[in-house]
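**Student:** Here is what each chain is made of, one letter per residue.
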Amino acid sequence: MPSLRALAPIALIALAAGPALAASPPAGKARTARRASRAAMVAIPAGSYRPLYGRPNDPLTVVAAFRLDRDPVTRADFLAFVRANPQWRRSAVRPLFADRNGYLADWRSDLDPSTGSGQAAGDAAALRRPVTGVSWFAARAYCAARDARLPSVAEWEYAAAASERQRDASRDAAFVQRLVSLYASRPRPLPPVGAGAANAYGVRGLHGLAWEWVDDFNSVLVSDDSRGVGGRDHDLFCASAAIGAADPTNFPAFLRYALRAGLTGRSTLETLGFRCAA
Amino acid sequence: MRPPLRTTVLLAASLLAAAGCGPSEGNAASESAVAAAPVSDFSVYDLPSTWRDQRGDTLRLAALAGHVRVVAMAYTSCEATCPLIVADLKRVEASLPAERRGDVGFVLVSLDPERDTPGRLAEWAARTGLDPARWTLLAGADDAVRELAATLDVRYQRQPDGELAHTNGLTVLDSAGAVAHRQAGLGDTEATIRVVGELLR
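Top to bottom, those sequences are chains A and B. When we follow the numbering used here, the leftmost residue of the first sequence carries the number 1, and every step to the right adds one. When we follow the numbering used here, the leftmost residue of the second sequence carries the number 1, and every step to the right adds one.
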């Protein structure tokens, strides 16, 4: 397993999440007549939290009440979506919207999400695994077809700060350490959704399954300067001085932000899935 | 292919040569193309979003097809790097021989559409000396801006104090809307100028 201490020299200088207010409207693609089946969603109450990146005097990030899928979107869910929306099938997807080398790459075919390693097509447990290898455009289109949307960075981080018992466990060193282990030992292949414990909000699988898309993933700006705030390229933006991490020991959060900073809209990763919000 | 965790983080950390607000340090990394083979195999003009230009007209991005375009994202109330973005675009414009100047369009997409109304864009364009025959300034819905930025690899975020932080750079689109060149950072337009020249041949 890669040593997380070895990652320490990579200091991420990013921006405080601005206030995340009410939901943005779903993505602009035309919806088809048939929608994917309704997923179970959890009501997350409004609140505020201190995001990983911020300046000491920044106000806490406010998150308005929203709903979040209890579980990640599954292969079965996405199969229903591509059945109803042929333009999102692997053979048809436009290069603009997804890297065609990675998009649904581990599906056996356009309409067969089984991964082909000795697995019968339509194996029910396999269909309940999180869908991965989807781009941001595809994830947005899926959520829009359900009259939903992707969660914002702020919403996702806010919901994911919860342990099983505590809503904001971001300062709980034991919880953070558990995440470190979880991230370092993700099972392959991913198990069907619903197996793990729910967090204090009732949401499952935010940690230790797939990474997840957020709507404003490209709001994360990262510098490759490991000297941090004092480095040469530290002033990435016009108005303010660069800021550092509020909690430099929170490696799981660093990893999540680092991943977002490396993505484009058409990126696909075998380890990257999503869930919807509303 | 699943990159190991460490590679993912290193990959992420080495992204984005975003220039600072001060004078450029010549830090423009570029992802360039031989004229025949575009960097991307997709067209930005496939995005279905609608926009309003500085005249108040509504258009889809596909309306920009047919000419080479140099595109950047900025906003009018940005005091520091946005003038530098415009300076780079103007430098590309000035590099064109007079008889070819009509063949290349320059597009500025506002990251601050709430404040950058068509009227404000027009007024700012006039003040900045941007020839409306060649310069298109666009404002769109937040969602459209986020989507276009995701396509052009522009990152931006509104700060608590209302300012916008954003990466700097230019994108050259061929006449079909495929990305022919990305200039990350500002100041060194040499490769951009070369690619535009190649596309015009």
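Careful, some of the hints might be misleading.
Here are the in silico distance ranges between beta carbons for each label pair [said to hold, decoys possible]:
{"hint": "1", "chain 1": "B", "residue 1": "P132", "chain 2": "A", "residue 2": "L60", "range": "40 to 46 Å"}
{"hint": "2", "chain 1": "B", "residue 1": "L200", "chain 2": "A", "residue 2": "N57", "range": "46 to 52 Å"}
{"hint": "3", "chain 1": "B", "residue 1": "R201", "chain 2": "A", "residue 2": "Q177", "range": "58 to 64 Å"}
{"hint": "4", "chain 1": "B", "residue 1": "D142", "chain 2": "A", "residue 2": "A40", "range": "25 to 31 Å"}
{"hint": "5", "chain 1": "B", "residue 1": "R91", "chain 2": "A", "residue 2": "P59", "range": "37 to 43 Å"}
{"hint": "6", "chain 1": "A", "residue 1": "S48", "chain 2": "B", "residue 2": "G56", "range": "37 to 43 Å"}
{"hint": "7", "chain 1": "A", "residue 1": "A39", "chain 2": "B", "residue 2": "A63", "range": "33 to 39 Å"}
Examples of chain B residues toward chain A, derived with CB under 8 Å [to be verified]:
{"hint": "8", "residue": "D41"}
{"hint": "9", "residue": "G102"}
{"hint": "10", "residue": "D103"}
{"hint": "11", "residue": "F106"}
{"hint": "12", "residue": "A122"}
{"hint": "13", "residue": "W124"}
{"hint": "14", "residue": "A126"}
{"hint": "15", "residue": "R127"}
{"hint": "16", "residue": "A149"}
{"hint": "17", "residue": "T151"}
{"hint": "18", "residue": "D153"}
{"hint": "19", "residue": "R155"}
{"hint": "20", "residue": "Q157"}
{"hint": "21", "residue": "T167"}
{"hint": "22", "residue": "S175"}
Not the full set, but computed from the structure, chain A residues with beta-carbon under 8 Å of chain B [as the list claims (entries may be wrong)]:
{"hint": "23", "residue": "Y49"}
{"hint": "24", "residue": "D58"}
{"hint": "25", "residue": "P59"}
{"hint": "26", "residue": "V62"}
{"hint": "27", "residue": "S91"}
{"hint": "28", "residue": "A92"}
{"hint": "29", "residue": "R94"}
{"hint": "30", "residue": "A144"}
{"hint": "31", "residue": "D147"}
{"hint": "32", "residue": "N218"}
{"hint": "33", "residue": "S219"}
{"hint": "34", "residue": "V220"}
Read the hints as simulated data drawn from the structure, not as lab findings. Think of the CB as a built atom: it goes at the ideal place given N, C-alpha and C, for glycine as much as any other residue.
**Student:** Would the hint on A/A144 stand, with a C-beta cut-off of 8 Å toward chain B?
**Tutor:** With a closest approach of 10 Å, the A/A144 hint is violated.
**Student:** Is the distance from the Cβ of B/L200 to the Cβ of A/N57 consistent with 46 to 52 Å?
**Tutor:** Given a distance of about 51 Å, which is inside 46 to 52 Å, the answer is holds.
**Student:** Let me know if the C-beta of B/W124 comes in closer than 8 Å to any C-beta of chain A, holds or violated.
**Tutor:** violated, 16 Å
**Student:** Should the interface hint for B/D41 be scored as holding, given a Cβ-Cβ cut-off of 8 Å against chain A?
**Tutor:** holds, 5 Å
**Student:** Tell me if B/S175 is really an interface residue toward chain A, meaning its C-beta lies closer than 8 Å to one of theirs.
**Tutor:** violated, 16 Å
**Student:** Interface hint check: A/V220, Cβ to nearest Cβ on chain B, cutoff 8 Å. Holds or violated?
**Tutor:** Holds. Min distance 7 Å.
**Student:** Holds or violated: is the Cβ of A/Y49 closer than 8 Å to a Cβ in chain B?
**Tutor:** Where the cut-off is 8 Å and the nearest Cβ of chain B is about 14 Å from A/Y49, the hint is violated.
**Student:** Given B/F106 was flagged as interface, is its beta-carbon under 8 Å from a beta-carbon of chain A?
**Tutor:** violated, 21 Å
**Student:** 40 to 46 Å was suggested as the range; check whether the CB atoms of B/P132 and A/L60 agree with it.
**Tutor:** holds, 45 Å
**Student:** Using the C-beta atoms of B/R91 and A/P59, is the stated range 37 to 43 Å upheld?
**Tutor:** With Cβ atoms ~40 Å apart, the hint holds.
**Student:** Does B/T167 hold up as a contact with chain A if the rule is Cβ-Cβ below 8 Å?
**Tutor:** holds, 6 Å
**Student:** At a threshold of 8 Å, is the proposed contact between B/A122 and chain A supported by beta-carbon distances?
**Tutor:** violated, 23 Å
In this structure, the hints that do not hold are numbers 9, 10, 11, 12, 13, 14, 15, 22, 23, 26, 27, 28, 30, 31, in rising order.
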